[in-house]
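Protein chains in written order, with our numbering: chain A, 1 to 377; chain B, 1 to 377; chain C, 1 to 377.
Any given hint could turn out to be false.
When chains are identical, the list treats them as one kind, so a pair holds in a single copy or across two.
[Unchecked claim] Straight-line alpha carbon distances no greater than 30 Å define the calculated DSS-like cross-link-like pairs of lysine-lysine that follow:
id, residue 1, residue 2
1, Lys362, Lys187
2, Lys349, Lys187
3, Lys332, Lys105
4, Lys375, Lys103
Calculated from the structure, these hints are not laboratory results.
Now for the letters of each chain:
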Amino acid sequence: QTPVDSVKQSSKIIQPTKTVAKDSSIFNLNVLGRTSLNIGQHKDRHLNAGFRLDETRLLLTGNVHPDLSYKVRFRLNRAFATTTQDNGSRALDFAQVNYRFGKQKEWEVILGKQAAAVGSYEFVNNPVYEYIFTDYVDRILNLFVVGATFSYKVNPNHNFQLQVYNTSTETLDQLIKTAGYAAGDFKQSERPMGAYLTWEGNFLDKAFHTKWSYNYNQLIAGADNHSVSLANMYKVGRTKIYLDLQYSDYGVDHTMLASNPIHSFYGSVGADRVMRKDVVYKSAVLRFDQQFSHHWGISLKGAYETASAAKDKQIGQDFRRNWTGYAALEFKPLVNQDWKLFGGYIDNKISYTNRIGLPTEKNNRFILGTYFNLKAI
Amino acid sequence: QTPVDSVKQSSKIIQPTKTVAKDSSIFNLNVLGRTSLNIGQHKDRHLNAGFRLDETRLLLTGNVHPDLSYKVRFRLNRAFATTTQDNGSRALDFAQVNYRFGKQKEWEVILGKQAAAVGSYEFVNNPVYEYIFTDYVDRILNLFVVGATFSYKVNPNHNFQLQVYNTSTETLDQLIKTAGYAAGDFKQSERPMGAYLTWEGNFLDKAFHTKWSYNYNQLIAGADNHSVSLANMYKVGRTKIYLDLQYSDYGVDHTMLASNPIHSFYGSVGADRVMRKDVVYKSAVLRFDQQFSHHWGISLKGAYETASAAKDKQIGQDFRRNWTGYAALEFKPLVNQDWKLFGGYIDNKISYTNRIGLPTEKNNRFILGTYFNLKAI
Amino acid sequence: QTPVDSVKQSSKIIQPTKTVAKDSSIFNLNVLGRTSLNIGQHKDRHLNAGFRLDETRLLLTGNVHPDLSYKVRFRLNRAFATTTQDNGSRALDFAQVNYRFGKQKEWEVILGKQAAAVGSYEFVNNPVYEYIFTDYVDRILNLFVVGATFSYKVNPNHNFQLQVYNTSTETLDQLIKTAGYAAGDFKQSERPMGAYLTWEGNFLDKAFHTKWSYNYNQLIAGADNHSVSLANMYKVGRTKIYLDLQYSDYGVDHTMLASNPIHSFYGSVGADRVMRKDVVYKSAVLRFDQQFSHHWGISLKGAYETASAAKDKQIGQDFRRNWTGYAALEFKPLVNQDWKLFGGYIDNKISYTNRIGLPTEKNNRFILGTYFNLKAI
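Can you build the whole structure from these sequences, using the hints too?
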């Protein structure tokens, strides 16, 4: 069983005031990690084997006052070098304060670097629990954004959020420099920002959860990006299932995930390599976790994603298709500690429609490893 | 009201031995941050808006013994890559031990990476409290130095310090490589070090404070740099004012702050871009903080700085002028927590004398944001 | 007296279960540092003086359960940028969990980024205690490896370990790119991994300790590397002595320590600069620590290391010779705190056999400084 990240939950969803007051002034430190032995094939290599330190993060949280809490999380295997647009860093996930107010503490404001308020239980989940991410979470979304969130709890089961944030951590200039792209006619917007409108709900005695978001953002002047993300979760006893669906329409594809194979198809080089206009990304992710006993459980995940450039007839609908999935058997040696050993298989295939003619990319591997989310204090 | 950084204070100024003994073996962790929405103009862009994670630092302090304490502070948005001269990193502010000794504990030695003992209340202030720094603090000084400080407390109101330190965190070779400069005839000194002689005083029942320093340092062989920095503070009740004055005479301008516009004026390129000799920097900074109630206060700051190259008649006295200022309204939602919301306006103008003919650079913006200095433990 | 790093020890060597159970759920934070003033000569400079922040690390450890502990250590003056082979970073030393099991808790498994199980008391020692490292520890070994260790305690005095790990933190491609080498015919192995077989023993009422290891690893396809490392320590009362011996035979010298001077000898440039085959490294290190009183002690160390390329007759046996040594007087102001002041002299000489004809490199310096390993919590 892979529960939703409890720390994240606590700051968002229904929580009786009493508990928080009791916990006030408590400092928490979580040590997160995942290490695995990987035996498999990459696009650029035959069978190979090696260890990977998949994850290593430190999470600091605390309530310095019943209504004021903070959250800082950073990775120990990413650069802390300053990012150009938001003055943060790649290593830094969170550096936020949360303040609750109103008669029933039904309002909350979150300020600083924080999680995007996107409808994605794949992202809400603790990163050590996700053996492989979709392109949507890993490469399309700006996951950790600098901005402000205003949250209103209508009743214990429903919550609405407005998040205003920087579209990208890097400037347009830096993004294209890193990607080896040319700017073309594109200039950075004078307000390279975005907003999420998000609804979180609970139904059926909290067995069924939703996190649905609409997003608008702009990075490039004149180019509007829209997306809708619908995350749905069912959780009863030892069973947990989530289904995330999303549709994103990029006026200009500053993620460059779709632009790259389009340039390969056209053979564009040098100044012709510019971000492509009118790209659509779609994703569906289904994950199923079943605990059999205190010690044993399984986790299964499958995701299908496509990229489209329908206005370019030579490229067309769903020209890039990304299949991601895994099956893992999990063993928890100590019942009260969030520490697991796992063995499983990860499969990933990126293919293109026939008219594109690019080769299919297959990545698959057996994994054997451990992950943990330990409460140090 | 923006008090002097209390942690820094505690290790330097008069502190009854009893308190320290009581606190001995206590560990402290402070989480520092500031995030703001900025709407304004830059030199290189028209009106633009965006969020910035201005600051994010972690501070660890503690007394492991009544006389022995340590202080470690690092940023989460700067590179930890090794600096070439002192083997530190840009992200690391402090990594020091403090030891007090003598009959009345009137002596103190500070070893490791530590704050420069410069006479600047702008720098002594907690960085989250300073919306914008002068060029003196931000670009001229080496703020966090590796070295040794010897401090002697004459009486509860007067304290003298001698700090010996590395002039620069990077070698001459690295500095000119980063700046795109040529070395010319300059070679690194065989003792690229400096010293501060500093006096800290309290007067009028601790209403009036001074921190005056004289500095000598050398980075380049044969080039002596001198400076005098006079920081003055008045603090009574809900009012705090500081006035910092400084005069720095660089035998060779290894900061390159003045050298850059001189090269623009002469049109120097390639091997002609070398550090300029005989540059003088002057600064005056005045900041006024007034608390009106437990929740509301204002903060005002103005600074005027000049760069001179008087020995070069074409450049002359005060050829570069930098005006920096802001006005901010501050709101403190919780009386006992160092967490504020603010709104204000920041103005910055860099202009040149007519004979230089370089364009004036105007940066100004409205800010709306939050800062915090939370005691996590 | 410079004791073996107690934290490292505690997780490996004989420890009564009672103690661990008592300590369970305790969080420990150690702040490590060393700063010194160095006055001496480098190969590339005449006499020069300057401060160095030799070391600054944070160590987090704890038992979250009597049988489950974790250890995280990172440096604050190294890059956290992701390493290409193991997805770790240079700054990260440890990110591991330790689990003990079996009837007598005689089994232990260590997973994650961890110390290499190599027979070297120089490396087992806390890094702040070692004024200068041999090339073996500093440049030849991969010290902090991602992998898995299985440990079996035969009885309170004898322990066997098998460690399986990634040979290198960086891929072959990245290593040769950083070094300015060409790949030549070399390709990365499909299993760029290695293993240590290690025996740790105690004799004579724990006065005499051994840590002997055999290592096999591969980074380059078809190139096998073998080494034997024999660490021996005598520790009674105020005296501590260790003697480390090692012999390493590299099928291909991916450390490039020996390859560099061979290319200098041959004048190889561009595509001719490839890793050399059949290189042998040998080292002997002797360190002696004697405490005279609670406050005063001395530390002496001498090491002799050679590199050979015997199959290349022009290069031959022991063509590179590295002498490293120091003598230091140490003062401990507070008896119960691991904080010392020191003064001493470090000598290092790298010479080549006559037939190589490369100039001797002399580095020596006086040191004056401080180191500390403070238990913050």
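Enumerated hints in conflict with the structure, sorted upward: none
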